[in-house]
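Number of protein chains: 2
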Amino acid sequence: MKITTARKITDSLHLNLFEIGYTNTRDEESLWTIASRASQPKCMTGRYDPPDAVVIVPFHKKLEKLVIIKEFRVPLGGLQYGFPAGLVDPGETTDQAVKRELKEETGLDLLTILKTSPPVYSSSGMTDESVSMVYVECNGTPCADANEASELIETIFVTPDEAGILCVSTEIKVDAKTWLVMNAFSENKTI
Amino acid sequence: MKITTARKITDSLHLNLFEIGYTNTRDEESLWTIASRASQPKCMTGRYDPPDAVVIVPFHKKLEKLVIIKEFRVPLGGLQYGFPAGLVDPGETTDQAVKRELKEETGLDLLTILKTSPPVYSSSGMTDESVSMVYVECNGTPCADANEASELIETIFVTPDEAGILCVSTEIKVDAKTWLVMNAFSENKTI
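Quick mapping for you: the protein sequence lines, in order, are chains A and B. Okay, so the first sequence: first residue is 176 according to my numbering, each after it adds one. Okay, so the second sequence: first residue is 176 according to my numbering, each after it adds one.
These are computed hints drawn from the structure, not numbers from a lab. Possibly wrong hints are sitting among the right ones.
To be verified - Calculated cross-link-like contacts (lysine-lysine; reagent style DSS-like; alpha-carbon spacing at most 25 Å):
hint, chain 1, residue 1, chain 2, residue 2
1, A, Lys245, A, Lys364
2, A, Lys278, A, Lys240
3, B, Lys364, A, Lys290
4, B, Lys364, B, Lys183
5, B, Lys236, B, Lys183
6, A, Lys278, A, Lys183
7, A, Lys237, A, Lys274
8, B, Lys278, B, Lys236
9, B, Lys278, B, Lys290
10, B, Lys364, A, Lys240
11, B, Lys364, A, Lys364
12, A, Lys278, A, Lys290
13, B, Lys274, B, Lys240
14, A, Lys364, B, Lys290
15, A, Lys245, B, Lys177
16, B, Lys240, A, Lys364
17, B, Lys237, B, Lys364
18, A, Lys274, A, Lys245
19, A, Lys177, A, Lys237
20, B, Lys278, B, Lys237
21, B, Lys183, A, Lys183
22, B, Lys245, A, Lys177
23, A, Lys364, A, Lys236
24, B, Lys364, B, Lys290
Unchecked claim - Here are some chain B residues the structure puts well away from chain A; computed CB gaps all over 10 Å:
hint, residue
25, Tyr197
26, His235
27, Glu239
28, Thr268
29, Lys278
30, Gly315
31, Val333
32, Thr334
33, Glu337
Where a beta carbon is used, it is the ideal one built from N, C-alpha and C, also for glycine.
Isolated chain A, as found in the complex:
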């Protein structure tokens, strides 16, 4: 299979649709619609690094608990449990983005970066969006003063047992990556 063309079909500020032409396994020309935050999707630019965003898996060293946040997500029309996360700003390293987003969203202080994944893909059937999963240790007291106008964030500390309870609840909304880490944390008692 091979990508042949990309046509931008919207002109929005933060997210656009592209119609991608490709050759399928029967050598027929086909079309696939994708969403991208970039002016050209990664399948056209060939640039797969750095990631678009960081997703932070924070472990609070003093409390010995996993840190998650509960925040209003416009696409879901309600509150979602997830990890602190955000786009990497132009000129910023992923480590800088981790420190900044952790502070802005939770008020907590970065201590140590334990592990950083290569760019991995959020939902490659519909978008070229990539993130790095960054496991960190942190300390401090939660504070929402640096939240933006589009943010309303509550910081929550969870034990493995509490993570397990969140994973089976059908009354709440949970981010997929956060669910997977909480599920492993509840079973293995470690991130």
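Fit chain B to the given chain A structure using the hints.
Positioned in the frame of chain A, the structure of chain B alone reads:
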């Protein structure tokens, strides 16, 4: 914060952009652009169940290995390591979708469904897409005969150590959910 309006700004078959009006934390009217597979996004319909898709975490009982697939993803313009996955067809249960997609994409036979997550969200900053993570045991021999024209799928079996090697490689593309399961599998020797 509160959702006030949704305006569909494209007319594509499989994926569309919507401009969502919402009231931010300062009581100002704001806009957020989202992508959705549905004719109305979940923040307008209020319907959050069933999930749009299933993502299958298959453990091969006889080989005692985790099953992953390598497939061409149009939005990434190349091969990605991921889990068998697919949209739940109309009228189909998630269990039926799991059995069908596992067979179509890998040729393997479902033995037991071990765990099913509630609908969880792929990337709630940009889309309302939800999936259920479904952990299963399977058996059988890989076969790509039921792949669709847009699919070119190779089935791979990995040990915890092999999963760990894939997790640190910068030469390949890996789906985020698959990376998280492989990372935990490499460290805890279990899914």
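For each hint, the structure was consulted:
Pair hint lysine 245/A plus lysine 364/A holds up; C-alpha atoms about 22 Å apart against a cutoff of 25 Å. Proximity of lysine 278/A to lysine 240/A is assessed by CA-CA distance (about 17 Å); at most 25 Å being required, the pair is judged to hold. In summary, the hint linking lysine 364/B to lysine 290/A is supported, as the alpha carbons are separated by about 18 Å, within the 25 Å threshold. As the CA atoms of lysine 364/B and lysine 183/B are separated by approximately 46 Å, the hinted pair breaks the 25 Å bound.
A C-alpha spacing of about 46 Å is found between lysine 236/B and lysine 183/B, which places the hinted pair above 25 Å, so the restraint is violated. For a cut-off of 25 Å, the pair hint linking lysine 278/A to lysine 183/A is broken: about 36 Å separates their Cα positions. The hinted pair formed by lysine 237/A and lysine 274/A meets the criterion: a straight-line CA distance of about 18 Å does not exceed 25 Å. Between the alpha carbons of lysine 278/B and lysine 236/B the distance comes to roughly 16 Å, so the proposed pair stays at or under 25 Å and holds.
Among the hinted pairs, lysine 278/B with lysine 290/B is consistent with the structure: their alpha-carbon atoms are about 18 Å apart, no more than 25 Å. A hinted pair counts as satisfied when its Cα atoms are at most 25 Å apart, and lysine 364/B with lysine 240/A qualifies at roughly 22 Å. At most 25 Å may separate the alpha-carbon atoms for a hinted pair to count; lysine 364/B and lysine 364/A meet this at roughly 14 Å. Only pairs whose Cα atoms come within 25 Å are accepted, and lysine 278/A paired with lysine 290/A is accepted, the gap being roughly 18 Å.
As the CA atoms of lysine 274/B and lysine 240/B are separated by approximately 19 Å, the hinted pair is consistent with the 25 Å bound. Note on lysine 364/A and lysine 290/B: the hinted pairing holds, with a Cα-Cα distance of about 18 Å set against a maximum of 25 Å. Restraint check for lysine 245/A and lysine 177/B: satisfied, since their Cα atoms lie roughly 16 Å apart, inside the 25 Å limit. Annotation: proposed proximity of lysine 240/B to lysine 364/A holds, straight-line Cα distance about 22 Å (limit 25 Å).
For the proposed pair lysine 237/B and lysine 364/B, the alpha carbon gap of about 16 Å is at most 25 Å, so the pair holds. Note on lysine 274/A and lysine 245/A: the hinted pairing holds, with a Cα-Cα distance of about 19 Å set against a maximum of 25 Å. Simply put, lysine 177/A and lysine 237/A have alpha-carbon atoms about 51 Å apart, too far for the 25 Å limit, and the pair is violated. Proposed proximity of lysine 278/B and lysine 237/B is supported: the alpha carbons are some 17 Å apart, at most 25 Å.
Taking the CA atoms of lysine 183/B and lysine 183/A, the gap is about 17 Å. The hint holds against a cut of 25 Å. Taken as a hint, the lysine 245/B and lysine 177/A pair is honoured in the structure, with Cα atoms around 16 Å apart against an allowance of 25 Å. Taking the CA atoms of lysine 364/A and lysine 236/A, the gap is about 14 Å. The hint holds against a cut of 25 Å. For the hint pairing lysine 364/B with lysine 290/B, the CA-to-CA distance comes to about 18 Å; that is within 25 Å, so the pair holds.
Not every CB of chain A lies more than 10 Å from the CB of tyrosine 197/B, the least distance being 5 Å, so the non-interface label is violated. The claim that histidine 235/B lies off the interface holds: its Cβ sits roughly 20 Å from the closest Cβ of chain A, which is beyond the 10 Å cut-off. Listed as outside the interface, glutamate 239/B is consistent with that label: its C-beta sits roughly 18 Å from the nearest C-beta of chain A, beyond the 10 Å cut-off. Every Cβ of chain A is farther than 10 Å from the Cβ of threonine 268/B; the closest lies at roughly 16 Å, confirming the non-interface assignment.
With 10 Å as the threshold on Cβ separation, the claim that lysine 278/B sits away from chain A holds: the shortest Cβ distance comes to roughly 18 Å. At roughly 23 Å from the closest C-beta of chain A, the C-beta of glycine 315/B stays outside 10 Å, upholding its exclusion from the interface. Every beta carbon of chain A lies more than 10 Å from that of valine 333/B, the smallest distance being close to 16 Å; the non-interface claim holds. Every C-beta of chain A lies more than 10 Å from that of threonine 334/B, the closest at about 17 Å, which supports listing it as non-interface.
No beta-carbon of chain A is positioned within 10 Å of the beta-carbon of glutamate 337/B; the least distance is around 16 Å.
Violated hints for the displayed structure, listed by number in ascending order: 4, 5, 6, 19 and 25.
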